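Here is how the chains run, residue by residue.
Number of protein chains: 2
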Amino acid sequence: MKLYDYPGAPNPRRVKIFAAEKNINLELVNCDMSKREHKTPEFLKKNPSGKIPVLELDDGRCISESVAICRYLESIKPEPNLFGKDPFELAFVESRNRHIELELWTQIGTSWVNGPIVGSLGIFNQIPDAKLASDKNVNLFYKRLDREFSSSKFVAGDRYTIADITLMSAIDFASDLVDLKPDEKLHNLYRWHLEVSSRPSANN
Amino acid sequence: MKLYDYPGAPNPRRVKIFAAEKNINLELVNCDMSKREHKTPEFLKKNPSGKIPVLELDDGRCISESVAICRYLESIKPEPNLFGKDPFELAFVESRNRHIELELWTQIGTSWVNGPIVGSLGIFNQIPDAKLASDKNVNLFYKRLDREFSSSKFVAGDRYTIADITLMSAIDFASDLVDLKPDEKLHNLYRWHLEVSSRPSANN
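Chains as they are written, first to last, in my numbering: chain Y, 1 to 204; chain E, 1001 to 1204.
Please keep in mind that the hints were generated in silico from the structure rather than gathered at the bench.
What you are looking at is a predicted structure, and each value in this text was computed from that prediction instead of being measured.
Glycine residues also receive a C-beta, built at the ideal position from the N, C-alpha and C atoms.
Fair warning: there could be bad hints in the mix.
Looking from chain E toward chain Y, a few residues come up when the C-beta cut is under 7 Å (computed) [unchecked claim]:
id : residue
1  : Ser1064
2  : Ser1075
3  : Glu1094
4  : Ala1130
Coverage of chain Y stretches by chain E, computed from C-beta distances (three or more under 8 Å per stretch; other residues unrestricted) [stated by the list, open to error]:
id : stretch
5  : 57-69
6  : 88-94
7  : 120-133
Mimicking DSS-like on lysine-lysine, the simulated pairs with C-alpha atoms at most 30 Å apart in a straight line are [said to hold, decoys possible]:
id : chain 1 : residue 1 : chain 2 : residue 2
8  : E       : Lys1136   : Y       : Lys45
9  : Y       : Lys181    : Y       : Lys22
10 : E       : Lys1181   : E       : Lys1131
11 : Y       : Lys181    : E       : Lys1131
Turn these sequences into a full structure, and let the hints steer you where they fit.
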């Protein structure tokens, strides 16, 4: 299986961490976003959304969207389980993963596209007020997470799941490239971040 | 099982349609968003995100997020299958569902929160430029869907899935409440919309 990847991009990283946790080997194919290789007609056949990651199976079929790719990997190699083991846990992990995606990741994305690095490319009509609002929302969500980690070891309860991979990838991207590192007073959030970052898979 | 609902809200509607397709009976509990009942301390215990829908099980445990609730219902009543039957289809349906959510639904949401109805409530600091951008993105995505429906009967191939429920709910909300009805020239999109709207579940 091939994974279309671009070093530093947070969504492919999620899949690489997930695969590493499962000890699944993926052949990485560099899709150079700086050269707009994700927008070529050939690539749009693999993913009409023109985004990475894309997983290409050995028979040529393609799967786009990081969580969909991870679910495929979970289906073909169920252990270690990262999506939930019974109907309630399956739903709970998905719920927590979606809280992170819909309430944090989307806000980080808004700050990113309206921030200086994307601005320097001159390809996007930026809205400064949108960045001000999303920066604020990101910091509010960090505080919520800190409260939640006072009583929860991981994002979705007492064990490591895909929701932790989603959150770690979001925070690392926000800290390194969007100037949205969590306030150092958020000790519970940092306790969790240190724990998940110490797993070998996090080196992806 | 109780579903915390608010008539007209698009996300609870997705769950109600999904449950109707499965012939699962849910006790509807009105959570009056106009009175901010979704932000009370009591409700935040059910869903820390302060949003509906929430499914409350008979033992009191709660699941938030529409897709997570639907996945729970799929787990406890697998037929008719709406999420995919094998590893590839499971991933493909999720991929398509996420394309609709992340590229259309989020844009409709931006147009909604920056539009006149929310504006009249005076509870949100609106950004007119953000609405202009999202209105444009919604219409571009409608055109993409129209192209895709020229060769695909449903959102995720040749059968009805959760991705159709997501898209129908998004378009109906956008048409009725956000003034973003698809251009009538998009005949393939309207062909699909007529078909999914004619299912009895769509009356939810």
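We went through each hint and held it up to the structure:
Given hint, Ser1064(E) at the interface with chain Y, holds; its Cβ is 5 Å from that chain's nearest Cβ, closer than 7 Å. Because the closest C-beta pair between Ser1075(E) and chain Y is about 4 Å apart, less than 7 Å, the hint holds. Annotation: interface hint on Glu1094(E) holds; nearest CB of chain Y at approximately 4 Å, less than 7 Å. Contact between Ala1130(E) and chain Y, as hinted, is supported at the beta carbon level, the nearest pair being about 5 Å apart and thus within 7 Å.
With 8 residues bearing a CB less than 8 Å from a CB of chain E, the stretch 57-69 of chain Y meets the requirement of three and the coverage assertion stands. Three residues within the 8 Å Cβ limit are the bar, and the stretch 88-94 of chain Y against chain E gives 5, so the coverage statement holds. Figure legend: the stretch 120-133 of chain Y, annotated as covered by chain E; annotation consistent (5 residues with Cβ-Cβ distances under 8 Å, at least 3 required). Distance restraint check for Lys1136(E) and Lys45(Y): the Cα-Cα separation of roughly 24 Å lies within the 30 Å cut-off, and the hinted pair is therefore satisfied.
In summary, the hint linking Lys181(Y) to Lys22(Y) is supported, as the alpha carbons are separated by about 29 Å, within the 30 Å threshold. Distance check on the hinted pair: Lys1181(E) and Lys1131(E) sit about 15 Å apart at the alpha-carbon level, within 30 Å; holds. Proximity of Lys181(Y) to Lys1131(E) is assessed by CA-CA distance (about 28 Å); at most 30 Å being required, the pair is judged to hold.
Going down the numbered hints, you'll see the structure goes against none, and every one checks out.
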